[in-house]
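Chemist: Given the sequences, and given the hints that come with them, work out the whole structure.
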Amino acid sequence: MHLNNCSDSELWEEITRNNPKAFETLFERYWSVIYGTAFSYLKDRDACSEIVQDIFLNIWQKRSEFKIGCLKNYLTSAARYHVYKKLKAKKSSAILYIENYDHLTILNNGTDRVDENITYLELEKSVETSLSDLPKRCREIFLLSRMSNLTNDEIAQQLGISKRTVENQITTALKFLRSILKNTAVIIFMIISMF
Numbered sequence: 001m002h003l004n005n006c007s008d009s010e011l012w013e014e015i016t017r018n019n020p021k022a023f024e025t026l027f028e029r030y031w032s033v034i035y036g037t038a039f040s041y042l043k044d045r046d047a048c049s050e051i052v053q054d055i056f057l058n059i060w061q062k063r064s065e066f067k068i069g070c071l072k073n074y075l076t077s078a079a080r081y082h083v084y085k086k087l088k089a090k091k092s093s094a095i096l097y098i099e100n101y102d103h104l105t106i107l108n109n110g111t112d113r114v115d116e117n118i119t120y121l122e123l124e125k126s127v128e129t130s131l132s133d134l135p136k137r138c139r140e141i142f143l144l145s146r147m148s149n150l151t152n153d154e155i156a157q158q159l160g161i162s163k164r165t166v167e168n169q170i171t172t173a174l175k176f177l178r179s180i181l182k183n184t185a186v187i188i189f190m191i192i193s194m195f
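Heads up, the sequence shown is in my numbering, so the first residue is 1 and it goes up one at a time.
Any given hint could turn out to be false.
Computed Cβ-Cβ distance ranges for the label pairs, DEER-style [claimed, not checked]: (1) D44 - K163: 41 to 49 Å; (2) E154 - W60: 16 to 24 Å; (3) R137 - Q61: 25 to 33 Å; (4) N73 - T172: 39 to 47 Å; (5) S179 - L143: 16 to 24 Å.
To be clear, the hints were calculated from the coordinates, so they are not data collected in a lab. Virtual Cβ for every residue (Gly too), placed ideally from N, Cα, C.
Modeler: As structure tokens, this is what we get:
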């Protein structure tokens, strides 16, 4: 079996059978996805490399315990979780020695950004988790609209469906997100800034 041609689920089966070549293939396939996800939040190469190593080490060590349905979703979620932990640790361990208290407001603004980043990550995770509960076609249309920035006409043409169907599916997705997250203003902000 040529591992590069395996699906993710076949690759995972091989990893659970202790196949180091399958694990190496998984690493080559997804290290850049994890690194890119982490880097989009942290902008720190060393921290992102450490996250990639931690995630893959954990996967190999716990391969017989993990039940992973979708590898890509698991890995990007794991990357965001590690980013969240790093941001939280950075916030809680920040010790500031201040010689000139006039600069205190500037320093506090930096701390607020960490809070904003953590809140953003939590909201993003909630939206992502909620989206996974949508019907497949509805989720696909919503993501094409918000993530790929396609117009309703472009989505309709790409999927071979009517523009009205696209509009209905996006409306359904937004209603669903509102009912799950219970905060319309947060959803609107999240949708605009996340996608």
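Chemist: Indicate, hint by hint, whether the structure satisfies it.
Modeler: Hint check results:
The beta-carbon spacing between D44 and K163, approximately 43 Å, falls within the hinted interval of 41 to 49 Å. Look at E154 against W60: about 41 Å separates their beta carbons, and that is not inside 16 to 24 Å. Separated by about 38 Å at the C-beta atoms, R137 and Q61 break the suggested range of 25 to 33 Å. Evaluation of the 39 to 47 Å hint for N73 and T172 yields a failure: the beta carbon distance comes to about 22 Å.
In this structure, S179 and L143 meet the distance hint of 16 to 24 Å, their C-beta atoms being roughly 19 Å apart.
Comparing the model with each numbered hint stated earlier shows that hints 2, 3 and 4 do not hold.
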